[in-house]
Each structure stands twice: as C-alpha cells, then as structure tokens.
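*Asks:* Okay, here's what each chain looks like letter by letter:
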Amino acid sequence: MTYESNKAIDANSITIDGETVPFDAGQTIMDAALAAKIHIPHLCHYPGLTPAGNCRLCMVEMNGESVAACVTQAQSGQQVSSNTPELNAARLAITQMLFVEGNHICPSCEKSGNCRLQAMGYYLGMLEEHFHQFNPRREIDASHSTVLLDRDRCILCDLCVRASRDIDKKNVFAIAGRGIHARLVVNTASGKLGDSNIEENDLAAKICPVGAILIRERSFDSPVGERIYDRRSISDTALTEHVPEKEVDRG
Amino acid sequence: MAERKIKIATTSLAGCFGCHMSFLDIDEKLVLLNDRIEFNRSPFTDIKQCSPSDIGLIEGGVCNADNVRVLREFRASCAILIAVGACAITGGVPAMRNYFDLRECLEEVYLNGTGVTNPQIPSDMELPLLLDKVYPVQEVVKIDYFLPGCPPSADAFLQMLVPLLDGQKPRLATDQLHYD
Numbered sequence: 001m002t003y004e005s006n007k008a009i010d011a012n013s014i015t016i017d018g019e020t021v022p023f024d025a026g027q028t029i030m031d032a033a034l035a036a037k038i039h040i041p042h043l044c045h046y047p048g049l050t051p052a053g054n055c056r057l058c059m060v061e062m063n064g065e066s067v068a069a070c071v072t073q074a075q076s077g078q079q080v081s082s083n084t085p086e087l088n089a090a091r092l093a094i095t096q097m098l099f100v101e102g103n104h105i106c107p108s109c110e111k112s113g114n115c116r117l118q119a120m121g122y123y124l125g126m127l128e129e130h131f132h133q134f135n136p137r138r139e140i141d142a143s144h145s146t147v148l149l150d151r152d153r154c155i156l157c158d159l160c161v162r163a164s165r166d167i168d169k170k171n172v173f174a175i176a177g178r179g180i181h182a183r184l185v186v187n188t189a190s191g192k193l194g195d196s197n198i199e200e201n202d203l204a205a206k207i208c209p210v211g212a213i214l215i216r217e218r219s220f221d222s223p224v225g226e227r228i229y230d231r232r233s234i235s236d237t238a239l240t241e242h243v244p245e246k247e248v249d250r251g
Numbered sequence: 001m002a003e004r005k006i007k008i009a010t011t012s013l014a015g016c017f018g019c020h021m022s023f024l025d026i027d028e029k030l031v032l033l034n035d036r037i038e039f040n041r042s043p044f045t046d047i048k049q050c051s052p053s054d055i056g057l058i059e060g061g062v063c064n065a066d067n068v069r070v071l072r073e074f075r076a077s078c079a080i081l082i083a084v085g086a087c088a089i090t091g092g093v094p095a096m097r098n099y100f101d102l103r104e105c106l107e108e109v110y111l112n113g114t115g116v117t118n119p120q121i122p123s124d125m126e127l128p129l130l131l132d133k134v135y136p137v138q139e140v141v142k143i144d145y146f147l148p149g150c151p152p153s154a155d156a157f158l159q160m161l162v163p164l165l166d167g168q169k170p171r172l173a174t175d176q177l178h179y180d
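Chains as they are written, first to last, in the UniProt record's numbering: chain H, 1 to 251; chain Z, 1 to 180.
Wrong hints could be hidden among the right ones.
[Claimed, not checked] Derived DEER-like restraints, expressed as beta-carbon distance ranges:
#1 130(Z) with 66(H): 43 to 53 angstroms
#2 101(Z) with 183(H): 14 to 24 angstroms
#3 43(Z) with 136(H): 32 to 42 angstroms
#4 217(H) with 44(Z): 33 to 43 angstroms
#5 37(H) with 35(Z): 42 to 52 angstroms
#6 180(H) with 117(Z): 40 to 50 angstroms
#7 114(Z) with 174(H): 31 to 41 angstroms
#8 142(H) with 130(Z): 44 to 54 angstroms
[To be verified] When the alpha-carbon atoms are kept at most 20 angstroms apart in a straight line, the in silico SDA-like pairs for lysine to any residue are as follows:
#9 7(Z) with 72(Z)
#10 133(Z) with 132(H)
#11 142(Z) with 128(H)
#12 169(Z) with 127(H)
[Claimed, not checked] According to the in silico footprint, chain H covers these stretches of chain Z (three or more CB under 8 angstroms from chain H):
#13 25 to 34
#14 43 to 56
#15 84 to 92
#16 95 to 105
#17 113 to 122
The set of hints was computed from the structure by calculation and includes no laboratory data. Here a beta-carbon is modelled for each residue, glycine too, at the ideal position from N, C-alpha and C.
Kindly generate the complete structure, drawing on both the sequences and the hints.
*Replies:* Written as structure tokens, this is what we have:
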C-alpha cells in the first residue's frame, strides 16, 4: 500500500483510489463514490433502486478483498481500489461475456447509441468480443401495443424487475431459472407482455440499459450519431442518473 | 531512391462493401496515401490472387467455404491483418442467421418464402458451401488489429493506417470507437 495509508482516516470516510471520500451511515461504497462524483463502472445499478449486485462490473478491491461496490456497505477505514488496469481488464472480460451471451448486433439495434452495454464497451476500449458467441435463441414478445420485449438483448440486470416491483408497484417482470438458464419472464398467466398492465410511462418500460425493452415508435426519435453515448461517455452520464423523485414518491 | 510503397490488400467476405466505401471516403487524403501505398488484391484493383503484402484489410464475416479460403490466403500473404467493421469482428447483420438452423434459413428463403416460384434449394458446384454459422474472422485466423464500426469512419481508417505506414502501433481514439 503506497498511498493514503499514513493519512488519518475520518470516522466516516473511506478512500477510493487514494481519494478520501465521506459517507453517511448505511451508504454503500457505490453510494459514497457517486456522491463524490467518482465513477465506478456499473450496469445493473441505478440510484434510487435497491442494488442487486448482478452484473459484477462494480467489483473493486477493498482492503485486499474483491467486493461488489453496489452491495457493500461503506465502513471507516476501507481502502478501495477501482480504476486499476487489473480491475478494468476484468470488467472488459465481463462486458465481452455479456455481449456473447446474448444477441447484440449493434448495427441493427434500435438502442444503439443509447445503450449502456455498448457505452461500457466504449469506456473499456472493447475492440472485439473475444469469447465464442452463444447465439442463443430467445423469444421476442411483441404482444403489447406500446412496449416491445426483445429478449435477445437482455443482460439480466434485473433493473426492470426492481423498477416494476418497487416503483411502479406492478410486478410485471421476474428472472426465472438459474445460471445459463436464467431468463426474463413476464408475470402474467400467458407470459405475454400484452396481458400485463405495463404502460409506456412506467419506469420499468424506460429503465432497460440495453435494447431489450423498447417503447415502440420512439426508437428513432434521435438519429444514430446524435445519441447519448455518441456524445458523452458513460463515465459522465452514470454520475447524473437517479430515479426521478416523483417516481420515488409514487412508489 | 523512392521509398518502397506499402502493399495493401483488401477484401469483402460476408460484408456489404460499406467499409470499402468508407475507406474511399478519406477523399483527398487518398491522394496523399497514394504516394506511400499500392493496392494488391482488392476490389479496387480486381487482382484475384493475393501475393505477399504488408497490410491486409478484411471486411465482412465468414459465412461460407470460399470466405475461409480467401481469409486464409490473406493471413498467409499479409504481414499485418486488420479486421475492419462490425461484420468482420462480430459477424454483424449476416450473423443474425445464427439464431436459426441453416436448413431453416434455406427453406424460408428458397422453398417457403413469399413469391417463390419453382421452389428449390440452390445446389451447384459453383456455389460455395455455406457454413453452419457466420463467424467473426478472428475465430478462423489470427487478427492483428481491430477497426470496429458499421462502417468505421474515414478518419478511423486513417488513424489505423497512418501509424502503420510509419511503423508505429495504431491506437483508435475514443471518439472513433463505435459498434454502429
């Protein structure tokens, strides 16, 4: 340990990559980092929703131990490393695995440019997918009039599940199965989105980080080349995201 | 004595030639490049066999037996091989057939498709055999550099090629990294 170890650490502070970061009781390492405008890469975390620790991109070294920053409580004296070549290499491998496990054909995807998985690839300098593609065969659900579910692109982040259950109070989605058999399902007797009460203004319909849940007829409101991650890095945008207060109140 | 020109070979496998079009989009800089490079086998020259070259640019993924043959010819002939574009690097849009069996695809197109007359699945010695899936080029041969994009921009081509002409290792600028 070559940094910070000689510094007195405040009762309610940790260090992240050598920088002293205060935290409030009950906050996670991710909460403290975001409050201090420090980007720890993440896909399945969204401030305002209960963290789930699914995607593992936010793995950090905490006092020599690997932990997921989004589900680890901040405690005084923690020395956290995040932006290191080793951790970013692991994050790159995770991102590549997320790509090959699904069917992510960016040139044909309506979400391209607004996709957080793609943006993570850009941020980590992913030039190719490295692993063999799974080419899974997954069901598309086009039964709903305004919300489309294309499971080919689902990365099982669970954000829609949490948004629908905790904010929208509709419990439309769930993850069924385990391991390689895990899949996004719809909680209706038919299993079809069209038989659910999801609406296009629900948080669950809007929070998908990839192109798995799309609002119909909106996908080309902004042209390719002028979208979020065509202009900004996910390391910037991730610092400004939060479930809107009115949604939290509604929840 | 004039400096030896760098030999560049290019090909499009299971691609749409969009990457080649984007390469030509470097416009007037192509004139500058022309002082330093010459094209070997390429759609630009119509040379059919790849002789020893310095740089090979591969557009498109690998969808049939002829793609495999050409790709191996390029690997054997080119000192540096670059995968260019989404299709070469991931299979791209042609790889959307990978979610189906090859037979399902052929039957849908040639037997059961809308407006098909005299339905039959093509089978001719002249036609290269289709592979079961469309593969990224790096699953078939070793690739030295990757130039993502659909297509990569003209500037991205320059960022890749100019350092190589100078014997440097290229590095794509963050704002040139795109998968679409």
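*Asks:* I'd like to know which numbered hints this structure contradicts. Please list them from smallest to largest.
*Replies:* Numbers 8, 13, 14, 17 - these are the hints that the structure violates, sorted from lowest upward.
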